[in-house]
Amino acid sequence: MRAVAGRRSSRVAINAAAIAVIVFSVFPVFWMVSTALKTNEDIFTTDIVLVPTSVTWAHFREIFTEGIGNTSLWIYLRNSTVVALGAVLFGSAAALLGATAVARFRFRFRASFLIMLLIVQMVPHEALLIPLFVMARQAGLTNRLLGLVIINVAFTLPFAIWMLRTFVAAVPRELEEAAEIDGASRFRTFVSILFPLVAPGLVATSIFSFITVWNEFIFAFTLMADESGYTMPVALRWFIAREGIDWGGVMATSTVMTIPVIIFFLFVQRRMVSGLVAGAVKG
Amino acid sequence: MSAPPVVDGRAGGAAAPARSTTPTAVERLKRRIPLLPALVLTIVLTQVPLLGTVYYSFHSRNLLRGDAIEFVWFANYADILGDEHFRTAVLNTVVLTASTVTLSIALGVALAVLLDKAFLGRSVVRTLLITPFLVMPAVAALLWKHAMFDPVYGLLNWFLSLVGVGPIDWISELPMFSIVLMMTWQWTPFMMLIVLAGLQSQSPEVLEAAKVDGARAFATFRRITLPHLRRFIELGILLGSIFIVQTFDAIFLITQGGPGQATMNLPYFIYQRTFRAFEVGESAAAGVIVVAGTIVIAIFALRVILNLFREEG
Numbered sequence: 001m002r003a004v005a006g007r008r009s010s011r012v013a014i015n016a017a018a019i020a021v022i023v024f025s026v027f028p029v030f031w032m033v034s035t036a037l038k039t040n041e042d043i044f045t046t047d048i049v050l051v052p053t054s055v056t057w058a059h060f061r062e063i064f065t066e067g068i069g070n071t072s073l074w075i076y077l078r079n080s081t082v083v084a085l086g087a088v089l090f091g092s093a094a095a096l097l098g099a100t101a102v103a104r105f106r107f108r109f110r111a112s113f114l115i116m117l118l119i120v121q122m123v124p125h126e127a128l129l130i131p132l133f134v135m136a137r138q139a140g141l142t143n144r145l146l147g148l149v150i151i152n153v154a155f156t157l158p159f160a161i162w163m164l165r166t167f168v169a170a171v172p173r174e175l176e177e178a179a180e181i182d183g184a185s186r187f188r189t190f191v192s193i194l195f196p197l198v199a200p201g202l203v204a205t206s207i208f209s210f211i212t213v214w215n216e217f218i219f220a221f222t223l224m225a226d227e228s229g230y231t232m233p234v235a236l237r238w239f240i241a242r243e244g245i246d247w248g249g250v251m252a253t254s255t256v257m258t259i260p261v262i263i264f265f266l267f268v269q270r271r272m273v274s275g276l277v278a279g280a281v282k283g
Numbered sequence: 001m002s003a004p005p006v007v008d009g010r011a012g013g014a015a016a017p018a019r020s021t022t023p024t025a026v027e028r029l030k031r032r033i034p035l036l037p038a039l040v041l042t043i044v045l046t047q048v049p050l051l052g053t054v055y056y057s058f059h060s061r062n063l064l065r066g067d068a069i070e071f072v073w074f075a076n077y078a079d080i081l082g083d084e085h086f087r088t089a090v091l092n093t094v095v096l097t098a099s100t101v102t103l104s105i106a107l108g109v110a111l112a113v114l115l116d117k118a119f120l121g122r123s124v125v126r127t128l129l130i131t132p133f134l135v136m137p138a139v140a141a142l143l144w145k146h147a148m149f150d151p152v153y154g155l156l157n158w159f160l161s162l163v164g165v166g167p168i169d170w171i172s173e174l175p176m177f178s179i180v181l182m183m184t185w186q187w188t189p190f191m192m193l194i195v196l197a198g199l200q201s202q203s204p205e206v207l208e209a210a211k212v213d214g215a216r217a218f219a220t221f222r223r224i225t226l227p228h229l230r231r232f233i234e235l236g237i238l239l240g241s242i243f244i245v246q247t248f249d250a251i252f253l254i255t256q257g258g259p260g261q262a263t264m265n266l267p268y269f270i271y272q273r274t275f276r277a278f279e280v281g282e283s284a285a286a287g288v289i290v291v292a293g294t295i296v297i298a299i300f301a302l303r304v305i306l307n308l309f310r311e312e313g
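For the record, the sequence lines run as chains A and C.
With the first letter of the first sequence counted as 1, position 156 gets the number 156 in full-length UniProt numbering; the numbers rise by one all the way through.
With the first letter of the second sequence counted as 1, position 300 gets the number 300 in full-length UniProt numbering; the numbers rise by one all the way through.
Extracted from the complex, chain A is given alone in its bound form (with noise of 0.2 angstroms):
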């Protein structure tokens, strides 16, 4: 009897702690959206509001009519749009074909280049900003959307693969060889094996490499002379000014901003359940 209560009591204790840590984790994004629907005397009253007392669309129908400084919001959207899928899309076949090449095939420097994928990740990009902008600038990349592509894979691609790596090398070499004795050619055993059991790597890589591209701020800051080419995160500037920030129009353009990154997590996290992987091998 007395395990039973210990394990029943033990497990109300993990739950109240997941919930805690549920709760710490979500406050701040729960803060950002009930700010967004906030009126302005809600906002700025100096009482803890939680929910707001009236709900108000106001600041998010002034950035999608208004837009922001002079340009549409669905501009920014746009070009945020361009250069984050562009860069995940051309980043993750190029990361999932090195990533293979690297765990799977000896070669001379093999080593060295993993580390110096490494090392470029490393280096902090404060340092790398100036060096790279004259760079594009030379290579005629400078305000246009393919330069931040290709800048964005240069910053995603060492990271991708070196993930992307660890999950390669854990599939056991032998399912390969079976298949290849099994008579399956090399890219059959590619496509067949070794990509489903890849695939979760493969998604949590894209979320990450999408996110970062999303949310990336100085390259594209330095890179865009135009306002018209301006990514969210730039755009979200506008609104902090000198005299202090507009935290309805900041709160409700984060909103917005977070809303395609949580789709894009939705849309792919379905793919990491183990019941696909556990199935492709066994069909």
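Where hints are given, some of them may not hold.
[Unchecked claim] A few chain C positions that, by computed beta-carbon distances, are all more than 12 angstroms from chain A:
1. Gly166
2. Phe221
3. Gly258
[Claimed, not checked] Partial list, computed: chain C residues near chain A (C-beta under 8 angstroms):
4. Leu41
5. Thr53
6. Tyr56
7. Ala138
8. Leu142
9. Trp144
10. Met148
11. Tyr271
Hints in this document: simulated from the structure, not taken from any laboratory.
Don't be surprised by glycine CBs; every beta carbon is placed ideally from N, CA and C.
Since chain A is already given, all that's left is putting chain C on it; use the hints.
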């Protein structure tokens, strides 16, 4: 770190000489060529900016003075290493990174193991737990500054007031702790996702076999899952450290490196050199020093790079 003489990797050296699959040179090339463009592209894209930074680190260049770029040997490095603020920044970066990584990997593994079990509303909980990572870091920093840390109407003080602890001015009294708290909040989902993906990439056959053999759940976890997870945990620590060393938004928006130099970390230091002092050469040199330092830490503290040579044959 010289690599051992290259034998054919697939066959595992002498371990499997009996099999007649030792590929010929042509076959091996055929296998590898499709992957070559990705490698070349990666090298070009990632190494060029780095070379540019190394180049600038040996030159004197101030954006305010329009004078010519001049090769100055190691003068920039000497200036940086002699700068007292730089040394403070190094120390702060180490403290910030080590604390954040430790906390977030511990929490991340715990959450991932919980989330790997089936329960009602799992995908909702998973998404909720991920949200901190989905918010733009700059916005997250603003939210923490105003919704969590604010001494008057922040959530943290409200929680503390429930248990009768007086209001704390988090940002000025506990600046480093506040930043670590916020960064842990932001990075736990990252660790959790890597470990979760690792859990789900376990070959189900192995787990089933363990079950058939009558292994208890805990034994299975300790003997099979944990060793399998090890490399994912190491990966999380390694990549997490690299990103957290780069923390900028939180410092810039919450503390501005202060009070005094209490939370001045390396990226913020470099930012100040570049955009306040306009010393491009010095900030490039600082960047190169950061890289060198990070490599040393990575080799000694994590051994991940060394493992690379050992475990994949």
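Next on the checklist: For a quick check of understanding: which of the numbered hints are violated here, in increasing order?
Outcome noted: Hints that this structure does not satisfy do not exist here, as all of them hold.
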